[in-house]
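A.B. asks: As a plain string of letters, each chain reads:
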Amino acid sequence: MYFQLGWRNIWRNPRRTTVILLAIIIGVWSMIFLGALMRGMIEDMVENGISTMTGEIQVHHKGYRDDPVIENSMPDPKVVETTLNNILPTGSLWTARVRVNAIASNARHSMAVTLVGIDPVREAKVSFIGEAVNKGRFLKSDDKFGIIVGKALLEKFETKLGHKIILMSQDTNQEIASRSFRIIGVFRTEMESTEKQFAFVTIPAAQQMLKLKDAISEVSIILPEHKDVNKVTVSLREALPPAYEVQTWRELLPILNAYLEIFNGFSFLWYVVVFVAMGFGIVNTTLMAVFERIREFGLFKALGMKPWWIIKEVLTESFFLLVIGMAIGNILGFLSVFALSENGIDLSSLAAGAEFAGISRVIYPAILSRDVVLANLVVFVLGLLVSIYPAVKAAKFTPVEALAHT
Amino acid sequence: MSIDIKMAWRNIWRNPRRTILTISAIVFASVLLVFMLSFQFGSYSAMINSSVKIHAGHLQVQAEGYQDKKSIRLVVSNPLAVGSVLDRIAGVTAYTYRANAFSLVSSKERTYGGIVIGIDPAREAGVSTIKKLIRKGSYLSEGDTDKALVGELLAKNLQVGLGDELTVMGQGRDGSIAATVVKVKGIYSSGMDEFDRSSIYMPLETFQDVYAMHGAVNEVVVIGTSLGIVSRIKKAVQKGIKKIDQKHPLVVLDWKEIMPGLLQAIEMDLISGIIFWFILIVVVAFSILNTFLMAIFERTREFGVLMAIGTAPRRLTKLLLIESTAMTAIGIVTGIIIGSLVTWYFQVYGIDFSGSSDLLSQYGISGRIYPQLSLLTAFGGPGAVLLITTLTALYPGLKVRHLRPVEAMNAI
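Chains A and B, in that order, give the protein sequences. Note that the first sequence covers residues 344 to 749 in this note's numbering. Note that the second sequence covers residues 2 to 413 in this note's numbering.
By construction, these hints were calculated from the structure, which means they are not laboratory data. The reader is advised that the hints may include incorrect statements.
[What the hints assert, rightly or not] Here are the simulated DSBU-like cross-link-like pairs (lysine-lysine), alpha carbons at most 30 Å apart as the crow flies:
1. A:Lys503 / B:Lys71
2. B:Lys157 / A:Lys503
3. A:Lys405 / B:Lys137
4. B:Lys7 / B:Lys71
5. A:Lys507 / B:Lys257
6. B:Lys157 / A:Lys554
7. A:Lys494 / B:Lys400
8. A:Lys487 / A:Lys574
9. B:Lys7 / B:Lys400
10. B:Lys70 / A:Lys507
11. B:Lys109 / A:Lys478
12. A:Lys556 / B:Lys157
13. B:Lys70 / A:Lys503
14. B:Lys132 / A:Lys494
15. B:Lys70 / B:Lys319
16. A:Lys478 / A:Lys503
17. B:Lys235 / A:Lys405
18. B:Lys109 / A:Lys556
19. B:Lys157 / B:Lys133
20. A:Lys468 / A:Lys503
21. A:Lys405 / B:Lys248
22. A:Lys554 / B:Lys248
23. A:Lys655 / A:Lys405
24. A:Lys478 / B:Lys71
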């Protein structure tokens with residue numbers, strides 16, 4: 344009966360109901376849509392961070408994270424390999440790398456870079472480099488002197504494909520090792536800083552240059568479906584000897600993780616702020632609806648309706664307003680996200696700024712059920728909460744006074 | 002007071018609860034906008050100021066092309082001539098000379114690549130904050146030779162402490178090999194990891210000897226009295242350096258050109274902020290539209306009577322608009338006052354963000370952010386609220402014109 348009464352009551356004044364619905368719809372739409380845009384931006388940052396030579400989990404020799412030098416490499420990768428094969432869920436991808444700071448130079452320029460020795464086949468599945476080479480070719484397992492560099496580095500060095508570049512770094516004997524490589528491929532990424540930072544060679548080439556024998560610097564792991572990162576990390580930690588350390592991307596990229604947390608806090612704040620803006624309208628509209636019907640409520644009471652029932656009836660009206668507004672707002676939100684999912688929002692005109700902030704040039708909205716649920720919960724719970732005020736007002740009218748009211 | 006204003010005023014207070022709720026919505030939006038805009042602008046200027054002060058300066062005079070290529074060969078060959086131009090320009094607080102070279106920096110055990118920066122200790126202290134950023138040891142003093150300041154992270158990577166020796170090796174201006182040994186005199190930390198990981202300072206004279214600069218520098222860095230007058234100083238410097246004769250033409254770059262990413266990141270944040278606040282205002286507008294609408298539906302009879310006794314529809318519109326504008330005006334004035342007070346409080350005491358200081362320090366902001374109240378931030382947001390609510394109020398205001406006296410008087 345409450346539902347029937349409530350439903351009919353809100354449509355007694357269709358215009359008023361429509362106006363307040365519009366407020367709720369725009370509010371909910373903005374929560375869903377802008378929330379999805381921000382989420383898309385942040386997810387993209389996380390994805391970029393993970394694919395830019397991080398991976399979801401990394402294994403290092405103890406001390407490498409603090410002091411990424413050649414002495415802190417893992418001398419016997421076999422141990423790690425067997426453990427990984429035992430523990431990782433099927434479908435996981437992993438690759439080993441040699442990774443050291445080095446200096447790249449040619450006749451005219453020199454620059455600090457990160458020299459990464461990779462297993463071309465496995466690496467291509469784990470990090471961005473597999474798809475990023477757009478000029479020349481990707482490394483082959485037997486490339487002894489081939490190197491892949493970023494486009495920005497190539498331009499800075501005023502060199503081109505096929506030319507030589509010299510890499511220098513410290514080898515295991517603490518001597519300066521240098522080796523000359525031929526540029527066989529050029530990669531492009533969203534971030535110029537990435538293009539300047541990394542130079543890729545094969546693992547054997549790096550090991551030979553640095554006199555590493557079989558040692559590697561890190562193992563980078565991607566789990567299927569991005570699930571269970573923490574669980575797998577814990578079991579890897581238990582299974583590996585104490586000389587190894589296992590870290591998730593959250594520990595490896597603390598700044599990104601901080602961003603993510605700030606973002607989560609901010610989106611909740613935004614939901615509440617938008618809600619407050621429409622909350623005033625909800626209270627006001629419901630109050631109007633209640634005060635128009637003082638006589639009616641008086642009559643209800645005179646007929647024996649309990650105050651609690653009246654509160655329930657008024658809350659049912661708010662419930663309908665909220666549910667309809669939320670439903671339409673959500674649908675519109677999803678539709679706008681869908682409309683943008685093809686082309687995204689292009690920030691190319693602010694490319695340098697996007698790079699500075701560490702985000703991609705094109706933002707694609709991303710819907711996360713957590714965001715949607717949170718937004719709707721905020722509207723629904725707070726919406727009913729603020730409606731208690733007019734509902735209690737309605738319940739307090741005494742029959743005599745109310746019936747005397749004109 | 003004209004009769005219209007009097008009527009409008011009384012009408013507003015016929016239903017005080019409703020009016021107060023409506024005004025509260027406007028106050029809420031105004032306070033939030035004043036505070037948030039001030040907060041945004043405050044953090045922008047903190048970002049700009051600290052980036053400017055840590056290294057970049059307000060303006061730099063460089064040889065054309067140096068900004069992109071950072072090649073040691075693109076030099077300002079007669080820095081003193083530029084200096085004497087700067088001396089004559091009003092608004093220049095300080096300037097200094099710098100030379101930079103990418104070099105190999107080695108300790109006993111480690112070797113890293115880094116940017117070696119030659120600075121004039123006394124002048125540098127007036128331009129950048131480097132002197133205050135020293136965490137261990139001390140700053141370079143006049144007459145120091147073969148001493149160096151090292152970034153905290155680089156020092157950690159190199160495993161060196163105060164007094165340890167570093168070998169620096171690079172390429173001189175003439176292409177020769179430049180090598181020297183310097184002693185670590187101080188260790189600094191700016192909070193920006195990238196900078197602290199890759200830079201090392203040495204006295205300009207030592208640098209010029211080692212890198213065969215022959216008295217030349219790569220940058221003349223200028224600080225003005227404030228951000229606002231940078232473009233004026235830039236014009237004056239441009240005019241002044243025209244007469245200086247040298248191989249590579251000189252250019253003047255302001256902080257926006259030196260750090261294009263910073264400016265665009267700010268623009269991006271501002272644009273997204275504006276979108277958010279605009280949507281918020283629209284939600285508020287719809288939220289209070291009902292109040293304005295109800296004002297006419299409840300009073301249809303009344304309007305009918307007014308029309309029947311000869312009130313022109315235009316006057317009714319005017320009456321309604323006065324009512325809505327008065328409510329909005331009360332709301333935004335209260336909003337501006339409360340918002341300004343709140344902002345002012347935080348402007349004095351700052352807002353503590355030490356929980357995320359690791360993140361903020363990458364943008365050069367320390368643990369506290371101080372909002373910056375200005376005419377723009379105090380009136381911009383509430384102004385937009387006024388505009389949008391007035392537009393909203395036009396709908397009921399114009400609606401009233403279609404009323405017919407007889408029908409209206411029969412309405413309940």
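A.B. asks: Give a verdict on every hint.
C.D. replies: Consistency of the hints with the structure:
1. A:Lys503 / B:Lys71: Holds - the C-alpha atoms of B:Lys71 and A:Lys503 are around 19 Å apart, at most 30 Å.
2. B:Lys157 / A:Lys503: violated, 35 Å
3. A:Lys405 / B:Lys137: holds, 28 Å
4. B:Lys7 / B:Lys71: Given pair B:Lys7, B:Lys71 is violated - Cα atoms ~71 Å apart, limit 30 Å.
5. A:Lys507 / B:Lys257: Given that 30 Å is the threshold and the Cα spacing comes to 36 Å, the pair is violated.
6. B:Lys157 / A:Lys554: holds, 24 Å
7. A:Lys494 / B:Lys400: Violated, at roughly 63 Å.
8. A:Lys487 / A:Lys574: violated, 38 Å
9. B:Lys7 / B:Lys400: Roughly 22 Å separates the two Cα atoms, so the pair holds.
10. B:Lys70 / A:Lys507: Cα-Cα ~20 Å, so holds.
11. B:Lys109 / A:Lys478: violated, 40 Å
12. A:Lys556 / B:Lys157: The given pair, whose Cα atoms are some 27 Å apart, holds under the 30 Å limit.
13. B:Lys70 / A:Lys503: Status holds; Cα separation ~16 Å.
14. B:Lys132 / A:Lys494: violated, 37 Å
15. B:Lys70 / B:Lys319: Violated: B:Lys70 and B:Lys319 sit about 65 Å apart, past 30 Å.
16. A:Lys478 / A:Lys503: Holds, because 10 Å separates the two Cα atoms, which is no more than 30 Å.
17. B:Lys235 / A:Lys405: Violated - the C-alpha atoms of A:Lys405 and B:Lys235 are around 52 Å apart, more than 30 Å.
18. B:Lys109 / A:Lys556: holds, 24 Å
19. B:Lys157 / B:Lys133: holds, 20 Å
20. A:Lys468 / A:Lys503: Since the Cα atoms of A:Lys468 and A:Lys503 sit roughly 27 Å apart, the hinted pair holds (cutoff 30 Å).
21. A:Lys405 / B:Lys248: Roughly 53 Å separates the two Cα atoms, so the pair is violated.
22. A:Lys554 / B:Lys248: violated, 46 Å
23. A:Lys655 / A:Lys405: violated, 63 Å
24. A:Lys478 / B:Lys71: holds, 26 Å
Violated hints, listed in ascending order, are 2, 4, 5, 7, 8, 11, 14, 15, 17, 21, 22 and 23; each of the other numbered hints is respected by the structure.
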